[in-house]
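Peer 1: Below are the chains, spelled out letter by letter.
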Amino acid sequence: MQQEKYDYATNEDLLNFVFDSVGPKGTIKKIIRFTARNANGITYFNLGFGDLNIETGKIDDLIITDNKDRDKILATIASAVLDFTSQFPDIMVYAQGSTPSRTRLYQMGIASNLEEIAQLLDVYGFHTDSWSKFERNVNYEAFLVIRKKL
Amino acid sequence: MQQLSKKKNQKKVAINAIISSDVKDYGNDPYFIKKANESKDFLEKHGFPEELMKNR
Chain A
1 MQQEKYDYAT NEDLLNFVFD SVGPKGTIKK IIRFTARNAN GITYFNLGFG DLNIETGKID
61 DLIITDNKDR DKILATIASA VLDFTSQFPD IMVYAQGSTP SRTRLYQMGI ASNLEEIAQL
121 LDVYGFHTDS WSKFERNVNY EAFLVIRKKL
Chain B
151 MQQLSKKKNQ KKVAINAIIS SDVKDYGNDP YFIKKANESK DFLEKHGFPE ELMKNR
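Keeping their order, the protein sequence lines are chains A and B.
Numbering follows the working numbering, with no gaps: position 19 of the first sequence is 19.
Offset between the second sequence (1-based) and the working numbering: plus 150.
Because the hints were derived from the structure by calculation, they are not lab data.
This structure is a prediction, so every number in the text was calculated from the model and none was measured.
Every residue, glycine too, gets a C-beta built ideally from N, C-alpha and C.
Careful, some of the hints might be misleading.
Just a few of them, taken from the derived set where beta-carbon distance is under 8 Å, the chain A residues facing chain B [as the list claims (entries may be wrong)]:
1. Q3
2. E4
3. Y6
4. D7
5. N11
6. G48
7. P100
8. A118
9. L144
10. I146
11. R147
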């Protein structure tokens with residue numbers, strides 16, 4: 001990933017990725033989790049992302065911490081998706097934000113890293129009741145990616 | 151749900167992540183479960199890209 005990103009860790013199953021966001025609001029632990037589901041007979045993974053609440057040990061997605069590192073966080077998530085799909089190349093990954101503005105953040109992250117992502121992944125967006133290949137400047141509701149068959 | 155496993159003859163691809171046994175499993179976190187279930191609802195309603203279904 002050419003854009004600056006955080007160092008991040010995963011364990012052997014590559015389903016959980018963790019990294020620290022560092023900025024004016026301090027150090028915030030971020031969690032990326034790929035969760036398997038089956039829809040209409042198709043198995044895929046959902047990409048979940050949120051802040052770890054240190055006090056409760058649970059994920060909080062709606063908190064806005066604003067460490068002024070949005071692009072770095074998005075590049076880190078994109079890199080984790082590339083890592084994950086390199087190990088599960090035949091499985092789609094679905095992503096949607098908890099709010100429309102969060103979905104738009106994902107969209108911005110894809111658009112900012114598109115040249116690199118598109119070399120390895122086919123990216124689809126859901127817009128006006130249908131899926132289509134991702135294009136910049138279209139407001140999508142959700143995203144699906146899958147490793148390209150090279 | 152189909153069995154998910156890395157193919158035994160699959161070439162190991164280098165990844166950017168650091169592999170650590172200290173990374174916890176968040177699979178039972180209510181937030182991630184909720185989001186995954188919402189994704190299933192969305193995809194059962196709207197389906198998958200036709201292009202990807204043709205190749206299956």
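Peer 1: Please go over all the hints and tell whether each is borne out by the structure.
Peer 2: Hints, one by one, checked against the model:
no. : hint : result
1   : Q3   : violated, 13 Å
2   : E4   : violated, 13 Å
3   : Y6   : violated, 11 Å
4   : D7   : holds, 7 Å
5   : N11  : holds, 4 Å
6   : G48  : holds, 4 Å
7   : P100 : violated, 14 Å
8   : A118 : violated, 15 Å
9   : L144 : holds, 6 Å
10  : I146 : holds, 6 Å
11  : R147 : violated, 10 Å
Checked against the numbered hints above, the structure breaks hints 1, 2, 3, 7, 8, 11 and satisfies the rest.
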